[in-house]
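A.B. asks: Here's the letter readout for the chains.
2 protein chains.
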Amino acid sequence: MTDELNAVMDLGSNSVRLVIYQQGPHGTQQELDNLKQTVRLSSHLDSHNMLSEKGIQRTVRIISQFKQLCDAYGVTRIVGVATQAVRMAVNRDTLLQRITEHTGIEFRVVSGQEEAHYGYLAVVNSIPFEQGVTIDIGGGSTEITYFQDRKLVYSTSIPYGAVSLTREAIHSDPPTAKDLKALEKAILSQLEQHSWLKDLNCPVIGMGGTARSVGRIHQRQRDYPLNILHGYAMRPAEVTAILDMVRSLPVEKRSETNGLSGDRADIIIAGMTILDQVLKHVDGTEFVISNKGLRDGVLMEQVLQTLNQTELPDMLMYSIQNIHDHFRLNDNHAFHVWKLAEQLLFDLMEYRVITDNYEASRCLQVAALLHDIGRTISIYNARNHNFYLLLQVPLLGITHRERVLAAAIAAFKTTKQITAVLADYQEFLTEEDVLLISQLGTVLGLARMLDRTESKVVKDIHLVPKTKGFVLRVKADKPLHLELELASDWLKKWRKTFQSDIRLEVEQID
Amino acid sequence: MTDELNAVMDLGSNSVRLVIYQQGPHGTQQELDNLKQTVRLSSHLDSHNMLSEKGIQRTVRIISQFKQLCDAYGVTRIVGVATQAVRMAVNRDTLLQRITEHTGIEFRVVSGQEEAHYGYLAVVNSIPFEQGVTIDIGGGSTEITYFQDRKLVYSTSIPYGAVSLTREAIHSDPPTAKDLKALEKAILSQLEQHSWLKDLNCPVIGMGGTARSVGRIHQRQRDYPLNILHGYAMRPAEVTAILDMVRSLPVEKRSETNGLSGDRADIIIAGMTILDQVLKHVDGTEFVISNKGLRDGVLMEQVLQTLNQTELPDMLMYSIQNIHDHFRLNDNHAFHVWKLAEQLLFDLMEYRVITDNYEASRCLQVAALLHDIGRTISIYNARNHNFYLLLQVPLLGITHRERVLAAAIAAFKTTKQITAVLADYQEFLTEEDVLLISQLGTVLGLARMLDRTESKVVKDIHLVPKTKGFVLRVKADKPLHLELELASDWLKKWRKTFQSDIRLEVEQID
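These protein sequence lines are chains A and B, in that order.
Here full-length UniProt numbering is used: the first residue of the first sequence is 1, the next is one more, and so on.
Here full-length UniProt numbering is used: the first residue of the second sequence is 1, the next is one more, and so on.
If you're looking for bench data, these hints aren't it; they were derived computationally from the structure.
Some clues are possibly wrong.
No copy labels: a pair is met if it fits in one copy or bridges any two.
Calculated lysine-lysine pairs in the DSS-like style (CA-CA distance at most 25 Å, straight line) [what the hints assert, rightly or not]:
no.: 1; residue 1: Lys493; residue 2: Lys413
no.: 2; residue 1: Lys181; residue 2: Lys459
no.: 3; residue 1: Lys492; residue 2: Lys468
no.: 4; residue 1: Lys459; residue 2: Lys475
no.: 5; residue 1: Lys496; residue 2: Lys151
no.: 6; residue 1: Lys36; residue 2: Lys478
no.: 7; residue 1: Lys339; residue 2: Lys36
no.: 8; residue 1: Lys198; residue 2: Lys253
no.: 9; residue 1: Lys413; residue 2: Lys492
None of these values were measured; they are calculated from a predicted model.
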């Protein structure tokens, strides 16, 4: 742990968050710790927007505790940002001074526009959409942006959040039809002030606790096999259905909803109504959850400065590099195996054995670059560990389906074995996928064996068609004994999987 | 990877093995790589025990390949040992010279007694029996020892192994009743030469490919939920039943047996008959599989020299230290959390809330010392990762049941959650276990929160009984804000799990 540690504290209207990051050698950042305390700062504002002494004390205490953890870790740089509740507080200087006195941390109050921009930054660098609406539903405000070609086009911050709107508009439990009508009207009147929002007809990407709760509730309802929220997609009608369900229940019943945490049950109706109204107003094509938000946007700004970029040129490769750093994988070997496997795939596509297919090549890329990750757990059952880990590590820019495919490719031993491994993941697969996984798994297995000594002895490979299959031409600059011995098992698997012959020929080069 | 790398090569009568180990900072050794090639050296001996040129060439080639991998890793020390086939070969000097010429490695031919001793060393330092018989069934010989109080009492090497005995005694496929009778008789006549072996009535611990195959076949037959062979226990009658099954099949059918690898199908009957005969002759109480064998014994000899011991004083702690080194866990924090958790457990036992129970305290120990291992995968779902990893990492000296209990304790969030996690592991559990796991999981969760800043602020804790439950007296030498805030959630869980009250009192000490 000699790398530098950074922390971001986010003083929101509903909760205070601390995230501690370890900086990797490639501008990457690994989350080391993550803590949340619910403060409900916006509830501590009186009708004159005066923050109560109790609210100030509680905030200062929690930030002191977070500072204590930062000190214990040896964090060298803490960035503190504060949002709507602090923006609104007439006595915010008192709060900020008290925080600085007790902890030395100087919080920056970000404007609604800045907050929206951070949300946009977090999303376009972690979710692979060219165009979309981002919505970050906080406790005291909601930030909305629209981006095209990954560039920010419009943004706004509306002064309604899950906490403040609950206080203002919900007067019964469960809310009456009248409450709900007023709630929707209040939100709509805000949305209508931004004509660019109307009928954008694009994906809507949601951040914040409300969005995550909706996703979690939906995943539990349908027994979703992955434990990943980031990138989870729902149809807008499914969001409406969950809203209808929660708003019909009194808070005690509501808090028993599988996937909803107890300390959010009171404010979820207001939060979800904002989301639902935005989806309808925008005419959203789908709702996608982002686990990344304000904090990650703040951090991404720093990363992009380090990399001297305005956006990540390749978020998938960035996340893979991050995983390489964290698990201390052998970069050189991984990239070499990828190169060999990709060459085989390109040849197979050229000769129409595998249909030309961008998804297949991306999945093979992920599998190849991370094929050794299971060995960090143990060299025994390493391929099973590949499957487990590839469903867990923070990959960015790929769909859940692609993740399952990549995990299966990296876990492949035999068609029978991988069929059993995939039993719980049928919903991601089409009928042809098991064959494709077996083919790509065989390609990867063979490529791996050709660099089994991790010394890049094989310089180049090509498939050359012959009557009943292929000759695999291998150029090597050193003798290849172990590689060939071990590759022969994979050539057998190749013959079985591809139902065609393959023979290996080595050309020694200087 | 700056730590020193060692390798052991084992030139056996059936296969050649390479294991590469990374030396950790505490005399520990982590397996980095493990390769096997089947050579069948004993089949290359003619009737005058002359090793054929073809056999020599194949052996030299494979050892050169292994050497290539060692060089690629940067292994600094290679120990080579050769066993029965080389012991028997009249031209063994030619073989050894040729190996040295091509690779620089000087193989040591170990005697049958030495080989038996290494097997004993591997077993008594990885399986927690005070008394037992070890049996290592190789290709050309079988080593048997008897130990008491973990000390070697008797040992022998008999010149029959799975390969040589197949060649000598099995003349049909499947073998005839006459073949089988002769096979059994040959083995028995050897066993009868060692009067100490008869009716020892103790556990028999098996090493080598035959033993592992038996275990794997049995695990597949009953759909065993763990993917671990080391320490797997069977009844002797179950071994006999598997032998009866395989010996009734011709080799092609036999090789389809789930759990049996194709390149062992021809020799498994001879190997298993040796095992079965020993179990019967010894009157074995149970058959236990050891994944550790000759190679590990050779390595253990080095480890014990480094530690200046004759046997590992605590194999469980040794393996935990090994895991700490490999996963770079924070030792200080882990040991402190264990100390706090153990104190709570002792108090609960003293006040008869938990029954006094050595197993419970060992499981809590493992869970506490490894409670942060899941965070090495990701801080999200870290407790699920604890469960996965604790079922995979190389723990020594605990039963499979204890491993499942420890994994569940380290994964505990709520009774409902852990019940779901344990659904596939019912065979290891009694009815009371879920309550015990919830109690120990709560104890661990609370202890962890009391060192959440990993700075050992809490010096001492004790439970003091009061009318409706306990006061938890905490002595701390610094303010405890974050710890107390986070502990409060676990106090709530405590009240639920233990169905009794608990209140926390802090005493500041200097």
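A.B. asks: If a hint holds in the structure, say so; if it does not, say that too.
C.D. replies: Going through the hints against the structure:
1. Lys493 x Lys413: within (9 Å within a copy, 43 Å between copies)
2. Lys181 x Lys459: neither (68 Å within a copy, 57 Å between copies)
3. Lys492 x Lys468: Cα proximity of Lys492 and Lys468: one copy only (15 Å, versus 69 Å across).
4. Lys459 x Lys475: within (6 Å within a copy, 64 Å between copies)
5. Lys496 x Lys151: neither (48 Å within a copy, 51 Å between copies)
6. Lys36 x Lys478: between (55 Å within a copy, 23 Å between copies)
7. Lys339 x Lys36: neither (42 Å within a copy, 27 Å between copies)
8. Lys198 x Lys253: neither (35 Å within a copy, 69 Å between copies)
9. Lys413 x Lys492: Answer is within: at 12 Å inside a copy they meet the 25 Å cutoff, but 46 Å across does not.
Comparing the model with each earlier hint shows violations of hints 2, 5, 7 and 8; every other hint is respected.
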